[in-house]
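The task is simple: from the sequences and hints, build the whole structure.
Sequence lines, in order, name chains A and B. The first sequence stops at residue 217 when you use numbering that gives the first Met the number 0, and every number in between is there. The second sequence stops at residue 217 when you use numbering that gives the first Met the number 0, and every number in between is there.
I should point out that these hints are in silico values taken from the structure, not numbers from a laboratory. Think of the CB as a built atom: it goes at the ideal place given N, C-alpha and C, for glycine as much as any other residue. Please note: incorrect hints may appear among the correct ones.
[As the list claims (entries may be wrong)] Here are some of the chain B residues that sit facing chain A, going by a computed Cβ distance under 8 angstroms:
| hint | residue |
| --- | --- |
| 1 | Ile-91 |
| 2 | Ser-106 |
| 3 | Leu-126 |
| 4 | Asp-140 |
| 5 | Gly-170 |
| 6 | Trp-183 |
| 7 | Pro-209 |
Okay, here's what each chain looks like letter by letter:
There are 2 protein chains.
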Amino acid sequence: MAGSEFEKHERNTVRRQASRGKYDRETVFGILDEAFLCHVGFSVEGQPFVIPTLYARDGETIFIHGSSISRMLKNLSEGLRACVTVTITDGIVLARSAFHHSMNYRSVTIFGQGALVEDENEKVRALEVISENVLPGRWADSRGPTKKELDVTSVIAIRIEDAAAKIREGGPKDDKRDYELPIWAGVVPIVQMPLEPVADALLPEGIEVPDYIKKLYE
Amino acid sequence: MAGSEFEKHERNTVRRQASRGKYDRETVFGILDEAFLCHVGFSVEGQPFVIPTLYARDGETIFIHGSSISRMLKNLSEGLRACVTVTITDGIVLARSAFHHSMNYRSVTIFGQGALVEDENEKVRALEVISENVLPGRWADSRGPTKKELDVTSVIAIRIEDAAAKIREGGPKDDKRDYELPIWAGVVPIVQMPLEPVADALLPEGIEVPDYIKKLYE
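Right under this line is the structure:
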């Protein structure tokens, strides 16, 4: 499956800059698996909402989670249509003309419907998948969820029905005549990166930063 | 106005972790002015869409722009209801229990309706405001838009009707009994930062990186 393409339908076809649209699972999943924050869109009685939240991909499904009293999760558990977008900012593209300025980015937009994950084992597995997508290695090193904690946590599974990636990369493209202008042009690359870990003030002495965190800085 | 609060209505009231909700303009505008990428949500015939795009705040208005054939801009220019969300990721919060893991972030959610900016001077000013929000100093240094370029560019103004910020900061909060566990706890701070600028391959020699770009690295 990983090499195949998502079908192009009305809602997931990239129209503007169509050449930037990608539909193969390798590209779509690659972007999804690199990030951990998504923006979930849904509409209640005509009012759109866009909520940032952690997520993880599990095969053809996106898991999100939160408190069982969350408005978003309640709405999604009722099968509302959702649009989930993940965006990685890669750089500011500086052309000679204001018009050709752009951004380098990789984004994925997913369309699907939410469903509440009710099976307890599946719920724990989903929480593990989300945790491991944020910081691989952390789940096994933390105190696992109790029955009570699981009861106040909701997990929503959104099966990916349609998806598309959109990618812009490389330098600026200017109009021919603008290349003569004495204006600096190029790219300011942008990265999201971790700074040195800050230990909790209440951490007893002698507990070292674990290797799976040190790995973030390699 | 900058010190006053957005009124709390149904759609912009933070319910989950209500203490993280902020409604004063200073906080809301501070977050909006720090970022340059937003996620715009709207719904067409019940189908939600979430699209990443550049933006800037101008007083009580958010400007976005793009090609005049863009589906999103066409939809928004017809006065569709929009939800615009901006999220700054500040860190991964590692508690002893999986349950208390969290993220440090600052987000703003805005509700309003789009309107096409038709006046040409206002359109150019909006483009300048967006450009300056991404990279202050760039607009004056780039070749300004021609009439033809303006004709194929749409600018949408979304007046902020309701807004709320949501902020999580600081270290993990664990259950009392978990503080005894020999598990590293703390925060991995996350920042978005620029790497060294990459000059366009076609840039003539002798054009130096301008000061307003060097400032990004101070």
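Outcome of the hint check:
no. : hint    : result
1   : Ile-91  : holds (6 angstroms)
2   : Ser-106 : holds (5 angstroms)
3   : Leu-126 : holds (7 angstroms)
4   : Asp-140 : holds (6 angstroms)
5   : Gly-170 : holds (5 angstroms)
6   : Trp-183 : holds (5 angstroms)
7   : Pro-209 : holds (5 angstroms)
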